[in-house]
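Asks: Spelled out from the first residue to the last, the chains are:
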Amino acid sequence: MKSAWAYLTLALASVPAHAGTLAYVTEQGDDSVAVVDVDSWKVLEQIKVGRKPAGVAVAPGATRIFVSNPESATVSAIARGADGQHKVVGEVKAGQGPLGIAIDRAGRQVFVADWYNDDVHVLDAATLGETRVLKVGRSPSGMTTSPDDKLLFVANRESDTVSVIELATAKTLATIAVGKAPFGVAYDENGPRLWVANVQSGDVSVVDPVAFREMRRVKVGAFPYGVAVTRDGARAFVTNQHADSVSVIDARTYAPLATLNTGAYPEGILISPDQTRALVACWMDDELDAIDVSSLKIVKRLKLGSGPRAFGQFIAP
Amino acid sequence: MKLLLTAAVALALGLLAAQAHGPTRQKMIETVDINKPVDKVWALVKDFDAIAKWHPVIASSKATKGNEPGSIRTLVLKAPGNPEIIEQLLTYSDADHTYHYQIDTVDVKVLPIQNYSSWLKVEDDGHGGSMVEWKGAYYRGDQRNDPVPELNDDAANAAVKGVYRAGLDNLKKIAEAP
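Protein chains in written order, with our numbering: chain L, 57 to 373; chain E, 15 to 192.
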């Protein structure tokens, strides 16, 4: 008879290689995705995808990674095997200008925003087959689902609105007016609140995702692009493309806490699953910056390929 | 000077191929090595309103608030009709010898780009000289899926590269002059 310890050892042995936190950063200038081990702070691999990849959505458990390629107007799917190896398993056409990309919490449906046709293509995450097309506002960009996967929120950059789509019926339940040129979004279960970065008004809209209305706006730096919130709803981090900085907001009082100088043209931002770091892709300087969430200092910088963007959920939720 | 018109001329001759894809942000990085110490070179370029003193196609470059972020400078170009470009200072660091600015207003016929921002930086080359880096992030002038040739990615890149090279090469000449 085996001891509990032996079972535990066996279980550990079957865990895939690189079981630590992996970040998948789109490198637009290299037509690739960098696989970054966040714990050892190393680039493990550079995976070739379609042309000029920008958006990324990692499935729960990081078994699949979906990437939008605006210049080839396609979505690439990367599979991560039990051995930890990555392989591109498909590339399909998705509208004329796929940029924003998201996956539901169940990992079943992939949403691809078409910048030109003002709609969202819904793909089956397993087959990449298109199941539906949802009509939204002009130049849809950042997207996220509600935690129960019932609603899809879509920032419409050229309409200054957020569309709320009921996924069961494909009906638009609401179109919420926000700031000018909304782009990145983050769902925050505290509240709950939807945070929306408004590129041209230099602020962040805080939206009630139940009552479907904007509650307030919080001023940040020039050209806010992406937003990330800690799981406890204490701090929000916003990348300011034209200020080369990240604004940190006390998410309970909405007071500004700090402005951190990052690499040039910061874009995609996400809190690491262990909640200790905010990771920022800096497009102009080809680097990934790590901000310590409590000390609010940049603690590490990692050199990447050309033009890292990481627009979307670039670490498994 | 016909620098800004180089791209337009090439296009008129049909030299640049058409592309059919969505707009992707373009990146341009140009540098020049100057055989003078970093402080001396920074002194030449540090003032936001001093670009007319070292860029050969800029006639004047008055700024509203000097080197304070938010300062607006108006470039008047040495080109037919004296076209203007309105720019805004975004960040400024005397200690790091760098500043970052954006174009607020420009006619795409003058510079075929949109949503442009740019960094100028002077670095010590470690051997008593310096390296000046000028880099930009921008989109092509026509954001549609099938841009007209004179406003496509190639046209945008050719124009920005031309502006940077002319400025940097002339800066070297001025800085190294006996």
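Possibly wrong hints are sitting among the right ones.
Said to hold, decoys possible - Okay, the calculated beta carbon distance ranges per label pair:
{"no.": "1", "chain 1": "L", "residue 1": "Gln152", "chain 2": "E", "residue 2": "Met145", "range": "50 to 56 Å"}
{"no.": "2", "chain 1": "L", "residue 1": "Glu222", "chain 2": "E", "residue 2": "Arg179", "range": "51 to 57 Å"}
{"no.": "3", "chain 1": "E", "residue 1": "Val162", "chain 2": "L", "residue 2": "Gly117", "range": "45 to 51 Å"}
{"no.": "4", "chain 1": "E", "residue 1": "Glu190", "chain 2": "L", "residue 2": "Asp93", "range": "44 to 50 Å"}
{"no.": "5", "chain 1": "L", "residue 1": "Gly117", "chain 2": "E", "residue 2": "Glu190", "range": "42 to 48 Å"}
{"no.": "6", "chain 1": "L", "residue 1": "Arg164", "chain 2": "E", "residue 2": "Asp139", "range": "26 to 32 Å"}
{"no.": "7", "chain 1": "L", "residue 1": "Lys359", "chain 2": "E", "residue 2": "Val162", "range": "36 to 42 Å"}
{"no.": "8", "chain 1": "L", "residue 1": "Thr315", "chain 2": "E", "residue 2": "Val162", "range": "38 to 44 Å"}
To be verified - Mimicking BS3-like on lysine-lysine, the simulated pairs with C-alpha atoms at most 30 Å apart in a straight line are:
{"no.": "9", "chain 1": "L", "residue 1": "Lys104", "chain 2": "E", "residue 2": "Lys41"}
{"no.": "10", "chain 1": "L", "residue 1": "Lys149", "chain 2": "L", "residue 2": "Lys275"}
{"no.": "11", "chain 1": "L", "residue 1": "Lys359", "chain 2": "E", "residue 2": "Lys41"}
{"no.": "12", "chain 1": "E", "residue 1": "Lys135", "chain 2": "L", "residue 2": "Lys356"}
{"no.": "13", "chain 1": "E", "residue 1": "Lys76", "chain 2": "L", "residue 2": "Lys359"}
{"no.": "14", "chain 1": "E", "residue 1": "Lys41", "chain 2": "L", "residue 2": "Lys236"}
{"no.": "15", "chain 1": "E", "residue 1": "Lys76", "chain 2": "L", "residue 2": "Lys149"}
{"no.": "16", "chain 1": "E", "residue 1": "Lys175", "chain 2": "L", "residue 2": "Lys275"}
{"no.": "17", "chain 1": "E", "residue 1": "Lys67", "chain 2": "E", "residue 2": "Lys50"}
{"no.": "18", "chain 1": "L", "residue 1": "Lys191", "chain 2": "L", "residue 2": "Lys98"}
{"no.": "19", "chain 1": "E", "residue 1": "Lys79", "chain 2": "L", "residue 2": "Lys236"}
{"no.": "20", "chain 1": "L", "residue 1": "Lys353", "chain 2": "E", "residue 2": "Lys76"}
{"no.": "21", "chain 1": "E", "residue 1": "Lys41", "chain 2": "L", "residue 2": "Lys275"}
{"no.": "22", "chain 1": "E", "residue 1": "Lys175", "chain 2": "L", "residue 2": "Lys104"}
{"no.": "23", "chain 1": "L", "residue 1": "Lys356", "chain 2": "E", "residue 2": "Lys41"}
{"no.": "24", "chain 1": "L", "residue 1": "Lys359", "chain 2": "E", "residue 2": "Lys135"}
{"no.": "25", "chain 1": "E", "residue 1": "Lys41", "chain 2": "L", "residue 2": "Lys353"}
{"no.": "26", "chain 1": "E", "residue 1": "Lys67", "chain 2": "L", "residue 2": "Lys98"}
No lab work stands behind these hints, which were simulated from the structure alone. Using N, Cα and C, we set each Cβ at its ideal position, and we do this for glycine too.
Asks: Taking the hints in turn, state whether each one holds.
Replies: Status of each hint after checking the structure:
no.: 1; hint: L:Gln152 - E:Met145: 50 to 56 Å; in the structure: violated (41 Å)
no.: 2; hint: L:Glu222 - E:Arg179: 51 to 57 Å; in the structure: holds (54 Å)
no.: 3; hint: E:Val162 - L:Gly117: 45 to 51 Å; in the structure: holds (46 Å)
no.: 4; hint: E:Glu190 - L:Asp93: 44 to 50 Å; in the structure: holds (46 Å)
no.: 5; hint: L:Gly117 - E:Glu190: 42 to 48 Å; in the structure: violated (59 Å)
no.: 6; hint: L:Arg164 - E:Asp139: 26 to 32 Å; in the structure: violated (55 Å)
no.: 7; hint: L:Lys359 - E:Val162: 36 to 42 Å; in the structure: holds (37 Å)
no.: 8; hint: L:Thr315 - E:Val162: 38 to 44 Å; in the structure: holds (40 Å)
no.: 9; hint: L:Lys104 - E:Lys41; in the structure: holds (20 Å)
no.: 10; hint: L:Lys149 - L:Lys275; in the structure: violated (38 Å)
no.: 11; hint: L:Lys359 - E:Lys41; in the structure: holds (17 Å)
no.: 12; hint: E:Lys135 - L:Lys356; in the structure: holds (22 Å)
no.: 13; hint: E:Lys76 - L:Lys359; in the structure: violated (38 Å)
no.: 14; hint: E:Lys41 - L:Lys236; in the structure: holds (25 Å)
no.: 15; hint: E:Lys76 - L:Lys149; in the structure: violated (49 Å)
no.: 16; hint: E:Lys175 - L:Lys275; in the structure: violated (34 Å)
no.: 17; hint: E:Lys67 - E:Lys50; in the structure: holds (18 Å)
no.: 18; hint: L:Lys191 - L:Lys98; in the structure: violated (40 Å)
no.: 19; hint: E:Lys79 - L:Lys236; in the structure: holds (26 Å)
no.: 20; hint: L:Lys353 - E:Lys76; in the structure: violated (37 Å)
no.: 21; hint: E:Lys41 - L:Lys275; in the structure: holds (28 Å)
no.: 22; hint: E:Lys175 - L:Lys104; in the structure: holds (28 Å)
no.: 23; hint: L:Lys356 - E:Lys41; in the structure: holds (24 Å)
no.: 24; hint: L:Lys359 - E:Lys135; in the structure: holds (19 Å)
no.: 25; hint: E:Lys41 - L:Lys353; in the structure: holds (28 Å)
no.: 26; hint: E:Lys67 - L:Lys98; in the structure: violated (45 Å)
Checked against the numbered hints listed earlier, the structure breaks hints 1, 5, 6, 10, 13, 15, 16, 18, 20, 26; every other hint is satisfied.
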